[in-house]
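In the numbering used here, the protein residues as written are 9 to 186.
Everything labelled a hint here was simulated from the structure, so no lab data went into it. Note that the structure is predicted; figures quoted are calculated from it, not measured. For every residue, glycine included, the Cβ atom is placed at its ideal position computed from N, Cα and C. Errors might be hidden in some of the hints.
To be verified - Quick list of the computed label-pair ranges, beta carbon to beta carbon: (1) Val94 to Leu130: 43 to 51 Å; (2) Leu134 to Ile83: 23 to 31 Å; (3) Glu138 to Val50: 32 to 40 Å; (4) Arg62 to Leu160: 32 to 40 Å.
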Amino acid sequence: MTSRRFGILSLLAAVCWTLAVAMVIIGVAVGIYSALLGASAVLTPSPTDERDARIAVAVLVTAVVGTAALALLTIVLDLAVTVMSVRRLGGPEHARAVPLLCLVAVGVSSVLPVLLLSLALLAGALEMREVAAALWWLLAGTVVGLAPWTRLAQLIGGIVETATAPARSRRPRVGPLP
């Protein structure tokens, strides 16, 4: 397990999470646009409504499939980075910063939102509306306000880890003399 591999996996995990969140935002925007397009088609029909609706559905399906693929890739990369980070925490003190950043980033941007989402859905099912509303706001604040900063720290840590990793020494291949 090299330092360079750990840095690259940290970089990829941060980038995949960012792209997955961007795809969710695109999907929500296209969904809102589709709803407004449907209302517009009912109020003032035009000959391009059907084409516009097909394009919006295609973009929405692409966003959903892309989000699912990136979310799955993010989960796999987060698991790999978490295992590598836990193994690196026992190393020298100066080498603990990046693994600690990675663990915090995974915890805040992946584990905490899943926990808050589960609690919000449970509170909604138990008809605890105030608690559910507070948990939904806390989830939104975490995903929009806190998680991007932890993933940015993970990205920077991955860059530092990759850039400062010692190069592998290659032994010269010496064959038999002619």
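Now the hints, each set against the structure:
| no. | hint | result |
| --- | --- | --- |
| 1 | Val94 to Leu130: 43 to 51 Å | 29 Å, violated |
| 2 | Leu134 to Ile83: 23 to 31 Å | 28 Å, holds |
| 3 | Glu138 to Val50: 32 to 40 Å | 36 Å, holds |
| 4 | Arg62 to Leu160: 32 to 40 Å | 37 Å, holds |
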